Amino acid sequence: MTGVLDISGDHLFDAVFHAIQTGIFILDYQTHTIVDINPLALKILGYKKEEVVGKVCHEFICPSKVGSCPITDLHKTIDNSEKEVIHATGKRIPVLKTQVTVKIQDRDYIIESFTDFSDHMKAENQKVVLIGVLTDAMSRICRPLELTRMNLQIVADQIKTGEFDPEEIRMELQIQANNIDQMIKNLEELNASALKEQTEIPPEFREFLLRK
Amino acid sequence: MLSLPEHVNTMNVSVIKKSLASGCIPVIVSVNMPYKILARVYGREGIDPAMWYVIDAVTNYSGGDTTPNPHVRFITTPSNLTDMGIAITEMLKVIPGTEKCIVFDSVSMLLIHTPTVTASKFLHFVINKLKILDVAGIFLCVEKGLDPVVLSQMTAFVDKIVDFESMDKTAREK
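The listed protein sequences derive, respectively, from chains A and B. This note's numbering applies: residue 21 is where the first sequence begins, and numbers increase by one. This note's numbering applies: residue 491 is where the second sequence begins, and numbers increase by one.
Bound-form chain A, shown alone:
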């Protein structure tokens, strides 16, 4: 272990630190350099320990947040939030992160723990897509079906009057038949888009559909 933190003699801490299914960083409070990192955090980030320890946290776990650390800059004692960490490949991984200040051997540290939030985000995106599909289904299938039912009723009434010739009635029925065909295609199209995995949902669209 590098840096000033030395708690390697604490077997209980060691066991927890290595086995816990949460990614953990230990940062120097003053310099924001990474003092230690547990195996799960390394696995999520795709780095080796020597590539991370001694580096500043912004490069890995606080992207674009230089100068706005909730603990040292915004003076919170604990922070829980949805953030992103940066994988070795450059890919940003959504995480639920908690930061807290602790004192170990008379020195201040920031403990950052996080859990991979990707599956939750995928499910959330899928929910947005499904709401979008349902909204579209209402306007592209449900309302048109109401209008088609009404149009067929009008055609039935027109036949009763005897004023309309057979070709006119045929045209009207053909339009309704074609429209029903199109609605079936719309349903298939909406079904396909509901099944497609969506990774990028524009935040404005998400807010609009979820009426946040």
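Because the hints were derived from the structure by calculation, they are not lab data. From a predicted model like this one, the values you see are computed outputs, not experimental measurements. A hint or two may mislead.
[What the hints assert, rightly or not] If you only want the chain B side, here are some residues facing chain A, beta carbon under 8 Å, derived:
#1 527
#2 548
#3 552
#4 553
#5 554
#6 601
#7 603
[As the list claims (entries may be wrong)] In silico lysine to aspartate or glutamate, EDC-like type, Cα no more than 20 Å apart, as pairs:
#8 68/A with 79/A
#9 526/B with 185/A
#10 650/B with 624/B
#11 180/A with 535/B
#12 526/B with 177/A
#13 526/B with 187/A
Ideal placement from N, C-alpha and C gives every residue a C-beta, glycine not left out.
Fit chain B to the supplied structure of chain A, relying on the hints for placement.
For chain B alone, kept in the frame of chain A given last:
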């Protein structure tokens, strides 16, 4: 203009009568009823066939007769928005007089034929064109039949949303 599904046709006739009464020649963009049926329906209501024009997107779609007629512009299908846009521009040019308006029947039926996003863009395009030409446009819709995206965009582009149901009965029938 919004109405209940069962009042869409009544709303159409009411709008045409009001347009003519105010000296405005209507051009109906029909994605629901073919020209021949419109002619019969309007004829029954005493509307002079020489006083209105139609861009008919459904006669060809139904395999009907599309013999050229100076009052009608036929489009292949209601999904052919390019031809529909061109037809609107050209029709407005050839109609004599200065007072004319577009009656779109209906936005709800257009959504069968085109995705919501495309319909929204097209309606934006049409409304802009009408504003440039200083021509009034009335877009008939089934109440609650519109996707919130389309409705919110149309709300931003149109001058007023009118609820046909809330108009008093005599005003609707005039």
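Going through the hints against the structure:
no., hint, in the structure
1, 527, "holds (6 Å)"
2, 548, "holds (5 Å)"
3, 552, "holds (4 Å)"
4, 553, "holds (6 Å)"
5, 554, "holds (4 Å)"
6, 601, "holds (5 Å)"
7, 603, "holds (6 Å)"
8, 68/A with 79/A, "holds (14 Å)"
9, 526/B with 185/A, "holds (10 Å)"
10, 650/B with 624/B, "holds (16 Å)"
11, 180/A with 535/B, "holds (18 Å)"
12, 526/B with 177/A, "holds (17 Å)"
13, 526/B with 187/A, "holds (10 Å)"
Checked against the numbered hints listed earlier, the structure breaks none of them; every hint is satisfied.
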